[in-house]
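These are the residues of each chain, in order.
Number of protein chains: 2
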Amino acid sequence: MSTPEQPLQPLNANEEALLRELGRVMIVLPRVIDADMMREEHLPLSEYTTLMYLSEAPNRLMRMSELAATCNLSLSGITRVVTRLEKQGLVERVRCDEDARGWNAVLTDAGLARLEKAWPAHLASARRHVFDHLEGTDLTQLIHALRRFAT
Amino acid sequence: MSTPEQPLQPLNANEEALLRELGRVMIVLPRVIDADMMREEHLPLSEYTTLMYLSEAPNRLMRMSELAATCNLSLSGITRVVTRLEKQGLVERVRCDEDARGWNAVLTDAGLARLEKAWPAHLASARRHVFDHLEGTDLTQLIHALRRFAT
DNA sequence: AAAGAATGCTTGCTCCGTCAAGTAATCCAC
DNA sequence: GTGGATTACTTGACGGAGCAAGCATTCTTT
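Chains as they are written, first to last, in the working numbering: chain G, 6 to 156; chain S, 6 to 156.
If you are wondering where the hints come from, they were derived from the structure by calculation, not from laboratory data.
Heads up, some of the hints might be wrong.
[Claimed, not checked] Reference listing, derived: stretches of chain S covered by chain G, where coverage requires no fewer than 3 residues with Cβ under 8 Å from a Cβ of chain G:
{"no.": "1", "stretch": "18–24"}
{"no.": "2", "stretch": "79–85"}
{"no.": "3", "stretch": "89–95"}
{"no.": "4", "stretch": "103–113"}
[Claimed, not checked] Which chain G residues stay away from chain S? Per the calculated CB distances, all over 10 Å, these:
{"no.": "5", "residue": "E26"}
{"no.": "6", "residue": "M43"}
{"no.": "7", "residue": "E97"}
{"no.": "8", "residue": "V99"}
{"no.": "9", "residue": "D104"}
{"no.": "10", "residue": "A105"}
{"no.": "11", "residue": "A129"}
{"no.": "12", "residue": "H134"}
{"no.": "13", "residue": "G141"}
{"no.": "14", "residue": "D143"}
{"no.": "15", "residue": "L147"}
{"no.": "16", "residue": "R152"}
{"no.": "17", "residue": "F154"}
[As the list claims (entries may be wrong)] Under 7 Å between C-beta atoms, here's a sample of chain S residues computed to sit facing chain G:
{"no.": "18", "residue": "A40"}
{"no.": "19", "residue": "M43"}
{"no.": "20", "residue": "M57"}
{"no.": "21", "residue": "P125"}
{"no.": "22", "residue": "L128"}
{"no.": "23", "residue": "A131"}
{"no.": "24", "residue": "H134"}
{"no.": "25", "residue": "R153"}
{"no.": "26", "residue": "F154"}
{"no.": "27", "residue": "A155"}
Cβ coordinates follow ideal geometry from the N, Cα and C atoms, glycine included.
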């Protein structure tokens, strides 16, 4: 390549290998976990995750925008997830007291029950695809690295 | 929960944290790298990856099914990527000599040039979102763990 | 050598998530 | 306190990726 360019060091062999594995995992892992959840619980991973974060919020309630950020979804994305969950009676939308522009998504009792029914499948999937392969890995170090990715 | 169930140990705090970070990275990392590639090169990550793997194949040529597996795409997914690349003149489809059902995707000279133009953007993105945050991480250990995920 | 099974790839359909534009409510300047 | 900007969320249009059905070719059996 003959064009002038910034001094970018190429990757070494280890970095190259990491990048390719990361590419694979990024694509495949969400797919297989979602497939597990669909097969065993007919609950997409996105909906499971949303229920999970809602269940941990005070009063099982979160503003839409807050929920979107927590779930790593766009605002329109969370609108659609919540609409689907609402149709199943698992969450409700209630207007926000202090700001009538805002909406809270609230986890219903049915939603909590659904989550409690579904979590073993999610846990099993996570074990199967992730934790069963972590022997000899320093978790703390790994978490620390992941936490800074894509920020 | 009162239903009988398999003895699933819940996750400890570290595992819980890892799972959530992994959830975030799986979702966000492909998105930001793709966004970088689009902004700087108008080349989606899926197309870049496809060109890259093709460039490394003998004769810059691969069977569709082989390419799909390598790129972690479904067969129909790779059909569509290759069709888009073909429209841009970056790859060609040529019938497979030894089996007329099969097709090879071949990287054209234009495709190779496109790849060489684009890779600095990809490398920079990978550095920015991944490698710049790996200080103090044992790469070999990490690669080894990732390689076994979702298999 | 002809018919039926299997293989390799493509196409039709659908889902899911993004972006951009739209709507409704609030904040701010004056 | 009224008009214009800003904010919170929703909706419409779009695109990417998967599955299942379809089409063409090859293999297998007799």
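Now for the hints, and whether the structure bears them out:
Three residues within the 8 Å Cβ limit are the bar, and the stretch 18–24 of chain S against chain G gives 5, so the coverage statement holds. Three residues within the 8 Å Cβ limit are the bar, and the stretch 79–85 of chain S against chain G gives 0, so the coverage statement is violated. By the rule of at least three residues with a Cβ nearer than 8 Å to a Cβ of chain G, the coverage given for the stretch 89–95 of chain S is violated, with 0 such residues. Counting residues of the stretch 103–113 of chain S whose CB lies closer than 8 Å to any CB of chain G gives 0, which falls below the minimum of 3, so the coverage claim is violated.
Distance check for G:E26 against chain S: the nearest CB is about 4 Å away, which does not clear 10 Å, and the non-interface claim fails. No Cβ of chain S comes within 10 Å of the Cβ of G:M43; the nearest lies about 15 Å off, and the non-interface call holds. The Cβ of G:E97 lies farther than 10 Å from every Cβ of chain S, with a closest approach of about 23 Å, so its non-interface assignment holds. Every CB of chain S is more than 10 Å from the CB of G:V99 (nearest about 26 Å), matching its label as outside the interface.
Taking the minimum C-beta to C-beta distance to chain S, about 27 Å, the non-interface status of G:D104 holds against the 10 Å cut. In this structure G:A105 is separated from chain S by more than 10 Å, as the shortest Cβ-Cβ distance comes to about 31 Å. Separation of G:A129 from chain S is inadequate, the least Cβ-Cβ distance of about 6 Å not exceeding the 10 Å criterion. Separation of G:H134 from chain S is inadequate, the least Cβ-Cβ distance of about 5 Å not exceeding the 10 Å criterion.
A beta-carbon of chain S is positioned within 10 Å of the beta-carbon of G:G141; the least distance is around 7 Å. Look at G:D143: its CB is around 7 Å from the nearest CB on chain S, not clear of 10 Å, so calling it non-interface is violated. For G:L147, the shortest C-beta to C-beta distance to chain S comes to about 6 Å, within the 10 Å cut-off, and the non-interface label is violated. Non-interface call for G:R152 relative to chain S: violated, since the shortest CB-CB distance, roughly 5 Å, does not exceed 10 Å.
Residue-level check failed: G:F154 sits 5 Å from the nearest beta carbon of chain S, not beyond 10 Å. Of the supplied interface hints, the one on S:A40 is violated, with its beta-carbon coming no nearer than about 10 Å to a beta-carbon of chain G, more than 7 Å. Annotation: interface hint on S:M43 violated; nearest CB of chain G at approximately 15 Å, more than 7 Å. The interface hint given for S:M57 is violated, since its Cβ lies 9 Å from the closest Cβ of chain G, which is over the 7 Å cut-off.
Annotation: S:P125 was flagged as interfacial toward chain G, and the flag holds, the nearest CB pair being 5 Å apart, inside 7 Å. The closest approach between the C-beta of S:L128 and any C-beta of chain G is roughly 6 Å, which is under the 7 Å cut-off, so the hint is satisfied. The interface hint given for S:A131 holds, since its Cβ lies 6 Å from the closest Cβ of chain G, which is under the 7 Å cut-off. Interface restraint check: S:H134 against chain G, minimum CB-CB distance 5 Å, threshold 7 Å, status holds.
Taken as an interface hint, S:R153 checks out: its beta carbon lies about 4 Å from the nearest beta carbon of chain G, inside 7 Å. The criterion of a C-beta within 7 Å of any C-beta in chain G is met by S:F154, whose closest approach is roughly 5 Å, and the hint holds. With a cut of 7 Å, the hint placing S:A155 at the interface with chain G holds, because the nearest CB-to-CB distance is about 5 Å.
Of the numbered hints stated above, those contradicted by the structure are hints 2, 3, 4, 5, 11, 12, 13, 14, 15, 16, 17, 18, 19 and 20, listed in ascending order.
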